[in-house]
Every structure is written in structure tokens, then in C-alpha cells.
Amino acid sequence: MSVTVASDDAPPRLSRWSGIIPAVSWLRDYKPAWFRADLVAGITLAAYLLPAGLGDASLANLPAQAGLYACLFGGLVFWLFCSSRHTVITVTSAISLLVGASLGEIAGGDTSRFSALAAGTAVLVAVIAFVAWLVKAGSIVNFISESVMTGFKCGVALFLRAGSAWKRAG
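The opening residue of the sequence shown carries number 134 in the working numbering; numbering runs sequentially from there.
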């Protein structure tokens with residue numbers, strides 16, 4: 134027969150929800166003294182992100198509210214499923230330009246079709262990101278060298294530049 138003794142030195146038992154939603158574990162340790170600084174940080178971040186979201190939506194040829202939804206919904210989902218309290222995720226101008234350039238030709242000038250394609254692209258990317266999260270695909274980044282990442286970023290920049298030059302010439 135074995136006896137288990139509870140100790141104050143034992144690590145806190147995490148619920149099964151903390152494995153699915155990491156915010157559960159770090160919210161448990163949140164100190165009320167942090168709230169004021171977090172509120173100021175949140176207001177500062179919103180002051181930057183909301184206009185950036187509006188601008189990025191216009192770069193993708195989408196209505197302004199699409200940029201607001203992308204900022205708010207993407208941030209909320211990231212807040213729930215990310216283990217870091219210090220990381221922010223939002224749309225970027227490069228992603229917006231890629232969506233606008235890629236879907237513009239497919240939509241054929243139909244704005245409702247363009248919006249539906251953009252929404253479908255967002256859902257598809259969310260599904261791929263969720264599957265990648267399930268299989269812990271983020272660890273692959275540790276095997277990609279900095280020079281490869283720099284080449285990838287330069288390739289995206291050249292693609293965007295070539296696309297805008299192609300549109301002006303055509």
C-alpha cells in the first residue's frame with residue numbers, strides 16, 4: 134500500500150484545459166498589480182493596430198471592416214492559444230498585398246467574389262495553422278537557417294515588387 138503526501142513544493146497540477154488553451158495556465162498566475170501597465174500597453178497597441186488593420190485591408194482591396202475583424206479576431210484567437218503573454222499577431226502589409234495580388238485575377242473584378250475568396254483563404258490558412266499547431270510543426274523553425282529565412286523574405290519582396298510593376302505595365 135502506498136501513501137501520497139501533498140507538499141507545498143509540488144508543482145501545481147494543471148488542468149486538461151491548460152494543455153489546449155495555454156492562457157488558462159498563465160492567467161492563473163496573473164497579478165492584479167500588472168493590470169494598469171497591461172491596460173496602457175493594450176491601448177497603445179490598439180492605437181497602432183487598428184489604423185494598420187484599416188490600411189492593410191485597403192492594400193488587399195477589401196473593405197475596412199475586414200481589417201478590423203482580422204486584427205480583433207486574430208488577436209483573440211492568438212491570445213487564447215499562444216503560450217506567450219508578450220507576443221502580438223496581426224495582419225501585415227506583405228500578407229495583404231499577397232492576398233490582393235493573388236485573388237484579384239481570380240475574382241475577375243467581382244467584389245463579392247473577391248471578398249468570398251479572401252474569406253475562404255483566411256479560413257484555409259486558419260485550418261492549416263491549426264493542424265500545424267496540433268502536430269507541433271513550429272519546432273521545424275529551429276532547423277531553418279537565418280540565411281534561408283532572409284532569402285525567403287527577399288523572394289516575397291521581389292514577388293510583390295514584380296507584381297506591382299507587372300500591373301503598371303499591363
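Take these hints with a grain of salt, some might be off.
[Claimed, not checked] Label-pair ranges, simulated between beta-carbon atoms: (1) Ala270 - Leu213: 33 to 39 Å; (2) Pro165 - Ala295: 48 to 54 Å; (3) Leu187 - Leu293: 15 to 21 Å; (4) Ala170 - Val268: 22 to 28 Å; (5) Thr283 - Phe214: 26 to 32 Å; (6) Gly241 - Ala295: 30 to 36 Å.
No wet-lab data here; the hints were simulated from the structure.
Please read these numbers as outputs of a predicted model, since none were measured by experiment.
Think of the CB as a built atom: it goes at the ideal place given N, C-alpha and C, for glycine as much as any other residue.
So, going through the hints one by one against the coordinates:
1. Ala270 - Leu213: 33 to 39 Å: violated (19 Å)
2. Pro165 - Ala295: 48 to 54 Å: holds (52 Å)
3. Leu187 - Leu293: 15 to 21 Å: holds (20 Å)
4. Ala170 - Val268: 22 to 28 Å: violated (36 Å)
5. Thr283 - Phe214: 26 to 32 Å: holds (28 Å)
6. Gly241 - Ala295: 30 to 36 Å: With a Cβ separation near 21 Å, Gly241 and Ala295 fall outside 30 to 36 Å, so the hint is violated.
Checked against the numbered hints above, the structure violates hints 1, 4 and 6; every other hint is satisfied.
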